[in-house]
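Participant: Residue numbers (my numbering), protein chains in the order written: chain C, 1 to 290; chain L, 1 to 290.
Honestly, I wouldn't trust all of these hints.
Heads up, the list lumps identical chains together, so a pair's fine if it works in one copy or across two of them.
Under the rule of at most 20 Å between Cα atoms (straight-line distance), these lysine to aspartate or glutamate pairs were calculated in the EDC-like manner [stated by the list, open to error]:
hint, residue 1, residue 2
1, 76, 98
2, 119, 215
3, 190, 171
4, 190, 125
FYI, nobody ran anything at the bench for these hints, they're computed from the structure.
There are 2 protein chains.
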Amino acid sequence: MVKAREASGKRARALTSGKAARKEGTGAESAVAPPAIILVNPQLGENIGFAARAMANFGLTDLRLVGPRDGWPNDKAHAAAAGAAFLVERASVYASVESAIGGLHYVLASTARPREMVKPVLSPESAAVELGRRGDKAESCGVLFGPERSGLDNDTISLADAILTAPVSADFASLSLPQAVLLFGYEWFKANSAPSLGRATAFDGPATEGIAFPDTRPATREELLGLFSHLESELDRSGFLFPPEKRPSMVRAIRNMFHRMGATEQDVRTWRGIVASLSRKHAPRGKKVS
Amino acid sequence: MVKAREASGKRARALTSGKAARKEGTGAESAVAPPAIILVNPQLGENIGFAARAMANFGLTDLRLVGPRDGWPNDKAHAAAAGAAFLVERASVYASVESAIGGLHYVLASTARPREMVKPVLSPESAAVELGRRGDKAESCGVLFGPERSGLDNDTISLADAILTAPVSADFASLSLPQAVLLFGYEWFKANSAPSLGRATAFDGPATEGIAFPDTRPATREELLGLFSHLESELDRSGFLFPPEKRPSMVRAIRNMFHRMGATEQDVRTWRGIVASLSRKHAPRGKKVS
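Using the sequences and the accompanying hints, generate a full structural model.
Facilitator: What follows is the structure in structure tokens.
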């Protein structure tokens, strides 16, 4: 635990801390040390592996196991983790919850069942903010998840500072163990990492919201107006914009569609080609017209 | 599909519409029809079952399968769904993506990879808000999820209005199929579930942000697909889609433009007219061809 705390302290120093700095980030995914994910008496190796995978999806790196039912190491956990097997390999194993959380400053207990305990209840979203705030102050945090069948018992929950409960359908409130880990990790990542979507590749960074224009740019008005004039003159010629009293509203409707499309420069060229091609008497390109 | 739209319309009438009303209530979990979850060529029955379970957690009820690899019904899907087996039992199975989305008005494609497509990218959070807004207007929506190994291919993605991509660690961006469904469902539920008793209100609420469709409605996929097929066959005839090796990317680019346009039923009819008119040998309407 001391080791983990040192590492997290180092990370906090090496990177930046504080929300403002974190929002700007340029390389590091998170400036706060990620909380430990502590699986208490997990039953199925597969679920340990799936949980590890969910952790890796969201930059969580500290997996702790308390008394896994089928012993440790566990081949099924390893296989289910797929690309996140490295987290399974370096998981730490404890004999008791007390020893697993001994070095932490703040602990949440994940449970879907209402408890008769006087203890704050946090949604994953609120928990993520709270853990980020504490991480900024170099506090070490962790989240307890119970065994698949029964969840955390009241004695274990009483060791935690607060309860973590996800919003779920009242008709079907039972989250599987890896899914509960996933939702927490997702909110933690959203709240505490530089925002990016999906996978970064050698060529592309991760996606951001909105429309990207790879290798092109939005069309200028001039380009669009050129397209309008081309299309409308062909439609006049072909007789589509008929009768004359309807022409203005038809033209407006067509122009509005192109505006809504948010056409790129490439799109305008494509449409110029389409209009020219359809307007030609059908002599397919590549064939000689006799 | 008509049935689905009627059902969602009824639901909107029976319950409430509008964000404010939804936030207040106390019983009904959601006032908007939940979007369809469409699994395209899912490989493992277990994952279909886990996805169904994630759907049930968040009040999603419309599971559609396109060509499940191991056939249908599938015992493993049933077993993995546990308490959500009822969703597996009433899943609808389709031979093609086109038929699965034919009755929908707005379709998202879930993918982790940045694509060279000019198509809006939404996070699960933004997608949940967008689908809620469209659901309020009784639009039927759906989200496509690809096969486990490869994800959705570009041709399938080109059938969607926008891309759904979750914020994940760039180092380990691959979400499993049920986990991707879970994150979307979670955000959908957070944004659209009503801790509220459904108060009946008038069917039409006040105006909302976005595009209004007076006297018309968004085009169905079927109508758009009909337009695509008409336009593309004319473009084949006219030689525009040349050379053959470039045809698939040209077709995708054109389809994507129409999706971004958010075409109405009226728009599709207009385009059918434009294509027909431009393709005709120029004999203006209203003049006799001798």
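Participant: A separate judgement is required for each hint: does it hold in the structure or not?
Facilitator: Verification of the supplied hints:
Taking the shortest Cα distances, residue 76 and residue 98 never come within 20 Å of each other, neither inside one copy (26 Å) nor across copies (38 Å). In the homo-oligomer, the alpha carbons of residue 119 and residue 215 lie at most 20 Å apart only across protomers (14 Å), although the nearest pairing inside one protomer, at 27 Å, exceeds that limit. In this assembly of identical chains, the alpha carbons of residue 190 and residue 171 lie at most 20 Å apart only when taken from different copies (15 Å versus 27 Å within one copy). In this assembly of identical chains, the alpha carbons of residue 190 and residue 125 lie at most 20 Å apart whether taken from the same copy (9 Å) or from different copies (10 Å).
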